[in-house]
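Those protein sequence lines, which keep their order, are chains G and B.
Each residue of the first sequence is one higher than the one before, counting from 0 in numbering that gives the first Met the number 0.
Each residue of the second sequence is one higher than the one before, counting from 0 in numbering that gives the first Met the number 0.
These are computed hints drawn from the structure, not numbers from a lab.
In this text, all values refer to a predicted model and were calculated from it rather than measured experimentally.
Where is the CB? At the ideal position from N, CA and C, for every residue including glycine.
Quick list of the computed label-pair ranges, beta carbon to beta carbon:
#: 1; chain 1: B; residue 1: Asp429; chain 2: G; residue 2: Met0; range: 46 to 56 Å
#: 2; chain 1: G; residue 1: Asn26; chain 2: B; residue 2: Glu581; range: 24 to 34 Å
#: 3; chain 1: G; residue 1: Ser79; chain 2: B; residue 2: Glu372; range: 54 to 64 Å
#: 4; chain 1: B; residue 1: Lys211; chain 2: G; residue 2: Val136; range: 43 to 53 Å
Negatives, chain G to chain B, calculated, CB over 10 Å:
#: 5; residue: Ile27
#: 6; residue: Ile29
#: 7; residue: Glu38
#: 8; residue: Arg39
#: 9; residue: Leu78
#: 10; residue: Ser79
#: 11; residue: Ser98
#: 12; residue: Leu103
#: 13; residue: Arg108
#: 14; residue: Asp113
#: 15; residue: Leu114
#: 16; residue: Met120
#: 17; residue: Glu139
#: 18; residue: Asp142
#: 19; residue: Arg152
SDA-like cross-link-like pairs, simulated, lysine to any residue; straight-line CA separation at most 25 Å:
#: 20; chain 1: B; residue 1: Lys333; chain 2: G; residue 2: Gly76
#: 21; chain 1: B; residue 1: Lys320; chain 2: G; residue 2: Pro53
#: 22; chain 1: G; residue 1: Lys65; chain 2: B; residue 2: Pro201
#: 23; chain 1: G; residue 1: Lys65; chain 2: B; residue 2: Glu200
#: 24; chain 1: G; residue 1: Lys11; chain 2: B; residue 2: Lys128
#: 25; chain 1: B; residue 1: Lys346; chain 2: B; residue 2: Met112
#: 26; chain 1: B; residue 1: Lys336; chain 2: G; residue 2: Ile27
#: 27; chain 1: B; residue 1: Lys255; chain 2: B; residue 2: Val218
#: 28; chain 1: B; residue 1: Lys525; chain 2: B; residue 2: Asp485
#: 29; chain 1: B; residue 1: Lys320; chain 2: B; residue 2: Ala373
#: 30; chain 1: B; residue 1: Lys202; chain 2: G; residue 2: Pro12
#: 31; chain 1: B; residue 1: Lys62; chain 2: B; residue 2: Gly24
#: 32; chain 1: G; residue 1: Lys11; chain 2: B; residue 2: Arg205
#: 33; chain 1: B; residue 1: Lys211; chain 2: G; residue 2: Leu21
#: 34; chain 1: G; residue 1: Lys11; chain 2: B; residue 2: Arg172
#: 35; chain 1: B; residue 1: Lys62; chain 2: B; residue 2: Glu200
#: 36; chain 1: B; residue 1: Lys336; chain 2: G; residue 2: Leu1
#: 37; chain 1: G; residue 1: Lys65; chain 2: B; residue 2: Leu210
#: 38; chain 1: B; residue 1: Lys539; chain 2: B; residue 2: Ser520
#: 39; chain 1: G; residue 1: Lys11; chain 2: B; residue 2: Pro203
#: 40; chain 1: B; residue 1: Lys89; chain 2: B; residue 2: Lys408
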Amino acid sequence: MLHTFVALVEDKPGVLTRVASLFRRLNINIVSLTVGHSERLGVSRMTIVCDASPTAGHRIAASLYKLENVLQVDDIGQLSHVARELALIKVAATPQTRSQVFELAEVFRARIVDLAPESLMIEITGVESKIEGLIQVLNENGDRILEISRTGRMVMRRGQHTSKVLEAMRVPGMETAEDLKAEESAEAPSDELMAEETGLRE
Amino acid sequence: MGTAKKGHSHSTQTGGAAKAPATGGTRLTGAEILWATLEGEGVDVVFGYPGGAILPAYDALRKFPIRHVLVRHEQGASHMADGYARASGKVGVAIATSGPGATNLVTGIATAMLDSVPMVCITGQVSSKVLGTDAFQEVDITGITLPLTKHNYLVTRAEEVAPVLRQAFMVARSGRPGPVLVDITKDAQQGSAEFNFVAAEPKPHRPHPMLKTESAATVQAAELIRSAKKPVILAGHGIIQSAAYAQVRTLAERMKIPVASTLLGLGAFPASHPLSLGMMGMHGEAWVNHAIQQSDLLIACGMRFDDRVTGSLATYAPNAKKIHMEVDPAEINKNVKADVALIGDLKEVLEALLPHLAPRADNGESAWLREIEASKGEVAVRDIKNLPDSGHLYAAHVMHDLWRATDGKAIVVTDVGQHQMWEAQYYKHDEPRTLITSGGLGTMGFALPAAIGAKIACPEKEVWVVAGDGGFQMTAAELSTAAQEDLDLKIAVVNNGYLGMVRQWQEFFYEKNYEASPLRSPDFVKLAEAHGIRGVAVHKRSEVLPAVAEARSHKGPFVINFQVEKEDSVYPMIPAGSALHEMIRRPNNPLVETAQDK
Ligand SMILES: Cc1ncc(C[n+]2csc(CCOP(=O)(O)OP(=O)(O)O)c2C)c(N)n1
Ligand SMILES: [Mg+2]
Numbered sequence: 000m001l002h003t004f005v006a007l008v009e010d011k012p013g014v015l016t017r018v019a020s021l022f023r024r025l026n027i028n029i030v031s032l033t034v035g036h037s038e039r040l041g042v043s044r045m046t047i048v049c050d051a052s053p054t055a056g057h058r059i060a061a062s063l064y065k066l067e068n069v070l071q072v073d074d075i076g077q078l079s080h081v082a083r084e085l086a087l088i089k090v091a092a093t094p095q096t097r098s099q100v101f102e103l104a105e106v107f108r109a110r111i112v113d114l115a116p117e118s119l120m121i122e123i124t125g126v127e128s129k130i131e132g133l134i135q136v137l138n139e140n141g142d143r144i145l146e147i148s149r150t151g152r153m154v155m156r157r158g159q160h161t162s163k164v165l166e167a168m169r170v171p172g173m174e175t176a177e178d179l180k181a182e183e184s185a186e187a188p189s190d191e192l193m194a195e196e197t198g199l200r201e
Numbered sequence: 000m001g002t003a004k005k006g007h008s009h010s011t012q013t014g015g016a017a018k019a020p021a022t023g024g025t026r027l028t029g030a031e032i033l034w035a036t037l038e039g040e041g042v043d044v045v046f047g048y049p050g051g052a053i054l055p056a057y058d059a060l061r062k063f064p065i066r067h068v069l070v071r072h073e074q075g076a077s078h079m080a081d082g083y084a085r086a087s088g089k090v091g092v093a094i095a096t097s098g099p100g101a102t103n104l105v106t107g108i109a110t111a112m113l114d115s116v117p118m119v120c121i122t123g124q125v126s127s128k129v130l131g132t133d134a135f136q137e138v139d140i141t142g143i144t145l146p147l148t149k150h151n152y153l154v155t156r157a158e159e160v161a162p163v164l165r166q167a168f169m170v171a172r173s174g175r176p177g178p179v180l181v182d183i184t185k186d187a188q189q190g191s192a193e194f195n196f197v198a199a200e201p202k203p204h205r206p207h208p209m210l211k212t213e214s215a216a217t218v219q220a221a222e223l224i225r226s227a228k229k230p231v232i233l234a235g236h237g238i239i240q241s242a243a244y245a246q247v248r249t250l251a252e253r254m255k256i257p258v259a260s261t262l263l264g265l266g267a268f269p270a271s272h273p274l275s276l277g278m279m280g281m282h283g284e285a286w287v288n289h290a291i292q293q294s295d296l297l298i299a300c301g302m303r304f305d306d307r308v309t310g311s312l313a314t315y316a317p318n319a320k321k322i323h324m325e326v327d328p329a330e331i332n333k334n335v336k337a338d339v340a341l342i343g344d345l346k347e348v349l350e351a352l353l354p355h356l357a358p359r360a361d362n363g364e365s366a367w368l369r370e371i372e373a374s375k376g377e378v379a380v381r382d383i384k385n386l387p388d389s390g391h392l393y394a395a396h397v398m399h400d401l402w403r404a405t406d407g408k409a410i411v412v413t414d415v416g417q418h419q420m421w422e423a424q425y426y427k428h429d430e431p432r433t434l435i436t437s438g439g440l441g442t443m444g445f446a447l448p449a450a451i452g453a454k455i456a457c458p459e460k461e462v463w464v465v466a467g468d469g470g471f472q473m474t475a476a477e478l479s480t481a482a483q484e485d486l487d488l489k490i491a492v493v494n495n496g497y498l499g500m501v502r503q504w505q506e507f508f509y510e511k512n513y514e515a516s517p518l519r520s521p522d523f524v525k526l527a528e529a530h531g532i533r534g535v536a537v538h539k540r541s542e543v544l545p546a547v548a549e550a551r552s553h554k555g556p557f558v559i560n561f562q563v564e565k566e567d568s569v570y571p572m573i574p575a576g577s578a579l580h581e582m583i584r585r586p587n588n589p590l591v592e593t594a595q596d597k
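With the sequences and hints as input, model every part of the structure.
Set out below in C-alpha cells:
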C-alpha cells in the first residue's frame, strides 16, 4: 500500500540522506520523494511516498521523528488533501504531426513549453493518474516519447495545514494530536478543484 | 604541520576557563574548547587513542582535569565508554583519530546503539579544506555511523565545537538514550573562538511528539491488570534506564504479579524476590517461558519484544493481552501488537498507573503463582548446579560458585556466547547495573574493555569479567590497558576450547559438523603473566572457590582460566523462530550425573 508523508526538516547538509537512509533501513521502497523550501526560513518540506504494509504508517512516522533534523511529520493517509505532480514529456513530432499532440495536450490541460523541428515538450501538472493517462494516450497514439521527467508527488492538506499550526505555536514539532483533530473537522473539501484534475481518464 | 597556531599560545587563558567552564567569554582553540566543554558536562574520564587528526586535541589535554585511558584498539575505547555508561548511568566518552581510528570505533558504537547506551564518540577529521579529497586517513565517518548513532555531527569550525558537543550530550541522554558521534576537523581544533559554556547550551530537546499516553489508556491498562488471572510482568532494560525499580516492584507486589526478565532487564527486579521468575526467551528456564505462554496479560515494562525473547511471533503468548510501556513510540506494535500502549518514560508511566490499582483482595492470583511454582519443581531437580561434584567442571558450576563467593554483589561484565547465558542463568543479580552485557548486537570482545570502563566508573565495586576463550581473544590486548591503569579487575575465562555457542548450534542444527568452531588458545595464565598480571588455571570444581577467593583478595588485575567441559550446551534452548514451548531440554547426557543417578 502507498503511504504519503509530509515532513518538515531542517535545511542542512545530509538531512536528505538521513531520511532516505531510514527507509532503506526499514527495507521500505521510496516511490517518490520531493524536497524544496517551505514557508519557513531554514526549513525544507519533503513529500515522501512509499510502498509499505498498511500498518507501517505509525512506525514510519515514529521513526522519522527519531531523526534529530525532523521537525514535523504528517501521515497524510486518508485525510483530505491536494496532491500534484509535474511532468515534462518530450515527444517526437514533426511540423506535420504536431497538431495531433496539441489536441491531446489541450484535453489534458497540459501546455506545450518547447517546440523543435523534430520534437516538442509538454508540461503537465496533476495527480499521478492524470499524468499516466496522458502518457498512455500518447503511447496508444503511436507518438514516440523521447524523455520523461517527473517530480513525484507533492501533497498539501486542505484547509488549515499543519505547518501553519506549527508556526502559530512557534515550537517546531510540538503539535498535539488534539490540534490535528480540531483541524480535520474544520476542513472543507473543495469539489471545484477536484473536478479540474479529472481529465480524460475518468 | 607548522602552519597551525599551537594550542600552547593560549595556555594562560585556559587555566581560568578550564576551572570555571560555566563563566563566559574566553578565547580558546577548538581543541581547548573540546576539553573545556567536556569538563563542563561533568566528564572526568575519556577512553581514547591518539593520531594525526586528533593530535591538536591531545596536545591541549594536559591543561584539563580529565583522565585519559589509553586503550589498545579503538574498539576497546567505544566498549569502555559503553561499560562506563552502563555501570554509572552517565554518558561515556570515547575519542579517536580519523580514518582507521574512527572505523575501529564502529563495532562499539553499534553495540551501544542496539542496547540504547548513552555515549559520545569524538573523532578527529582531516582539515575542512581537504574534506572529500580522499586525503590521508580521511573516511566519511558520519556517513558510516549514520545508521548506528542516534545522531552525528561534522564540526568544521572552532565556534561550533562547544554548542555541538553540548547538544551531543543532550541527545545521547534524552528519551531513549544512545550513542552520538562528533567528527571534528583538524582545522576546527586548531582554530580559535570565544568559549562560553553557558551560551553554548542547546535548546531543550524536542520530546518525541508521539510520546503521549492518553489518560484513557492508563485507565484501560489498570482495568486489564485488575481483571487478569494470569498476568506476567516482562522486565526490560528500560526499567534501569528510567530507574523505575521501585515502581515496578510496587506493581508486582501490590498486584502479586510474577516478573520475567529480559537479558538486559536482569537486576532491574531483584532475582531473589519471591515474584522473580528469572530470564525469559531463548535460554530462559522452562517455567518462565511456560508462564508467558499461559499468561492472559503481559505487562511489558521497557522492553521491545526482541526475537530472542518472543521466538515465533505467530505462537507467542497466544491468549495474552499486551500492555506495552515504552519510551520509544517506534517500538509500539513493531513486533507484537499492543492492546494498550503507555508511551513515555517508564517511571512516569507507572506513577500515573499505580494510583489506579488497589491491592488485590481476592486470591485468584495465588492460584496462578502456585501453577508457576508447580511447573518449576520438575525441572529444578535436574538443574546442573544441584549436582554433586563428579570431577567434571561445568561452566554452570563456575557461575554458581562465583555468585556465592561474591554474595551476588559484583558487577559482572559478560562476553557473548554460552558463558553469557550460563552467567545469566546462574548468577542471580539483585541490583540494577550489576550485569553488563551486549544484548542487542551480541558483540564478542565486549567484556574485557566494557569491564575496564565499568571498573573506572565504579572503582569501589568488585568487577568481574566473564568471557569465553573465543571472545576474550578478540580484545585481549586490553589486558595491557588494565595493567597500565592497575585496575582491580577480576577476569574469568570460561575456556571450553570451542566457539561454544557456534558448536552448540552445529550440534543441534548442523549434524555436529563442527566446522571452524574448535579453537586453540594461548595459555591464558602465561598471557596474563606476560602482562604482569597474576593468573591461575582451574580444572576441577573443588578448585573454583579457592581460585575465586585468591582473585578477590589479590590487589590488581587477576585472570582465572576455567578449563570447563568442552561439549556442554546451554539448556533449555528454543531454536530460533520456534514457539516458546518448543524447547530443547537437557538430555540424559552420560557425562552429566543427575541427582537420580546417585
Ligand atoms: C564479533 C562476533 N563475531 C561472531 C559472533 C558469533 N558468535 C556468537 S557466540 C560465538 C562463540 C563464542 O565463543 P566463546 O567466546 O569461546 O564463548 P562460548 O560460547 O564458548 O562460551 C560466536 C562466534 C559474535 N557474536 N560476535
Ligand atoms: Mg568457548
